[in-house]
Amino acid sequence: MVQAVSNSNNMSNSQGNPGGNDASKKSGIKVLQAGENLFHENDLASSLFIIQKGQIRLFRPKGRGFVELAILRAGEVIGEMAFFDDAAKKRSCSAEAIVNTDIIEISFEAFSKAMDKLNPWFKTIVNTLVKRLKKSNDTVKSLESNSISYGRDGKVSNYKFFTNLDVARALSTFYLVAKTHGEVRGVQMAIHMNMLKFYMFDIYNFPEIKFEEVMNLFRELEMIEMKEDKDGLLNEIRINKLETFRSLMKFFNNQRHAGEDDELMISAKCERFLKRIYDQVDAERSTQKIVEADLSEILADFKHRNIPIDEEDLKDAIEAGFVGEIIVGHNNQLICDVEILKLRENFPIIVMVNKIKKLNEAKSKV
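The numbering used here numbers the first residue of the sequence shown as 25 and each following residue consecutively.
It should be emphasised that the hints constitute simulated quantities derived from the structure, not laboratory data. We put the beta carbon where it would ideally sit given N, CA and C, even for glycine. Just so you know, not all the hints are guaranteed correct.
Below, computed lysine-lysine pairings styled on DSS-like, alpha-carbon distance capped at 27 Å [to be verified]: (1) K141 / K234; (2) K387 / K366; (3) K339 / K313; (4) K379 / K339; (5) K274 / K339; (6) K265 / K203; (7) K221 / K265; (8) K77 / K114; (9) K299 / K327; (10) K274 / K387; (11) K221 / K251; (12) K203 / K113; (13) K293 / K313.
Simulated restraints, written as ranges between beta carbons of each label pair [stated by the list, open to error]: (14) K114 / H205: 22 to 32 Å; (15) I342 / S310: 13 to 23 Å; (16) V208 / L245: 16 to 26 Å; (17) K265 / E287: 22 to 32 Å; (18) I95 / K313: 44 to 54 Å; (19) E287 / D334: 39 to 49 Å; (20) A292 / K113: 31 to 41 Å; (21) E133 / E369: 22 to 32 Å; (22) E60 / R296: 33 to 43 Å; (23) L266 / L365: 12 to 22 Å.
Please work from the sequences and hints to get the whole structure.
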């Protein structure tokens, strides 16, 4: 069993498996014996941990064995990514003590208060992330390269320039920097390029080539725009809707653990069809839950402009529950019901997923 011991800060302690499902767990120091698990893959997460003494191995089951992800030592942090995801809160791997190990458990509630105040806990966590992420980056690269095989038509099979983890890391870093260092500029949030690069490169060891593609992607999606800073240089990043970064990050973090049947699959043609429906029903401002869309009008316009999209291309959206089945109304008019709230919340996700898919396909060409 994990034993709780008191510390000099008089933090509240708890007994039991720290990787369990008790979301009311308090912060405190805990002792793990060699070979004892801190948590298992897919356990619900309510805390992050700082290793005070000892070593922890991170691993994931694969076939009859395991994939070793990293070995963490004193001063390093475990379990911080789940803090940003209110929906999933699941561990992405298992953690086990290699030797007798003392860890400091910090509940997400306590960490949230600490981050808001930018107290020493937050600074400690940021500083110790550097070594961990640099070490794990080599492992990730190795795993990615081992999964690459050559396919047909001059493409690399299974290769992805942007993984769901890459996107989740980029989005969460933007969100973190904006929350801790951002300044309000009207309805926008402003962060400086130098501060973002410090977090991206020095702390999270994010590849520079991927960073440039991320910036281009976010600009294309109108999530950010560049403005001059006080020195007259285009180094001030204006974030249009900060909450969009958080919702997108949660989605891509969830997709890391989703099976093929759970992945969001909306074709490019379906996305274009949905965009026309979105505009027609004024989904951005509508206060109704369900409205009716006139598909005949949209299809007639596609035909007039020689755009090869028909009602069959709406199938993905119907299966995903964004719109209802197509029915024939008055005067043989094709109509369907639109789930306004669901479409409004998920349309930015659909657009981003397809942008990344297109970019990955381009990068996979040999």
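Verification of the hints:
1. Between K141 and K234 the CA atoms are separated by roughly 31 Å; this puts the pair beyond 27 Å, and the hint is violated.
2. The suggested pairing of K387 with K366 is violated, with an alpha-carbon distance near 31 Å, which exceeds 27 Å.
3. About 21 Å separates the Cα atoms of K339 and K313, which keeps this hinted pair within 27 Å; it holds.
4. The straight-line distance between the Cα atoms of K379 and K339 is roughly 20 Å, inside the 27 Å bound, and the hint therefore holds.
5. For the given pair, K274 sits about 26 Å from K339 by alpha-carbon distance, which is consistent with the 27 Å threshold.
6. The hinted pair formed by K265 and K203 meets the criterion: a straight-line CA distance of about 12 Å does not exceed 27 Å.
7. A hinted pair counts as satisfied when its Cα atoms are at most 27 Å apart, and K221 with K265 qualifies at roughly 20 Å.
8. Among the hinted pairs, K77 with K114 is consistent with the structure: their alpha-carbon atoms are about 25 Å apart, no more than 27 Å.
9. A C-alpha spacing of about 16 Å is found between K299 and K327, which places the hinted pair at or below 27 Å, so the restraint holds.
10. The straight-line distance between the Cα atoms of K274 and K387 is roughly 25 Å, inside the 27 Å bound, and the hint therefore holds.
11. A threshold of 27 Å between alpha carbons decides the hint, and for K221 with K251 the separation of about 16 Å falls inside it, so the pair holds.
12. Distance check on the hinted pair: K203 and K113 sit about 20 Å apart at the alpha-carbon level, within 27 Å; holds.
13. For the proposed pair K293 and K313, the alpha carbon gap of about 25 Å is at most 27 Å, so the pair holds.
14. Under the hint 22 to 32 Å, the C-beta atoms of K114 and H205, about 29 Å apart, fit the expected range.
15. Distance hint check for I342 and S310: the Cβ-Cβ separation is about 20 Å, which falls inside the suggested range of 13 to 23 Å.
16. Between V208 and L245 the CB atoms are about 22 Å apart, so this pair conforms to the stated range of 16 to 26 Å.
17. The beta-carbon spacing between K265 and E287, approximately 24 Å, falls within the hinted interval of 22 to 32 Å.
18. In this structure the supplied range 44 to 54 Å holds for I95 paired with K313, their Cβ-Cβ distance being about 51 Å.
19. Hint check: E287 to D334, Cβ distance near 25 Å, so the stated range 39 to 49 Å is violated.
20. At roughly 33 Å, the beta-carbon separation of A292 and K113 lies within the given 31 to 41 Å, and the hint holds.
21. E133 and E369 have their C-beta atoms about 26 Å apart, which keeps the hinted 22 to 32 Å range intact.
22. Judged by the Cβ atoms, the range 33 to 43 Å given for E60 and R296 is violated: they are separated by roughly 54 Å.
23. Between L266 and L365 the CB atoms are about 20 Å apart, so this pair conforms to the stated range of 12 to 22 Å.
Of the numbered hints stated above, those contradicted by the structure are hints 1, 2, 19 and 22, listed in ascending order.
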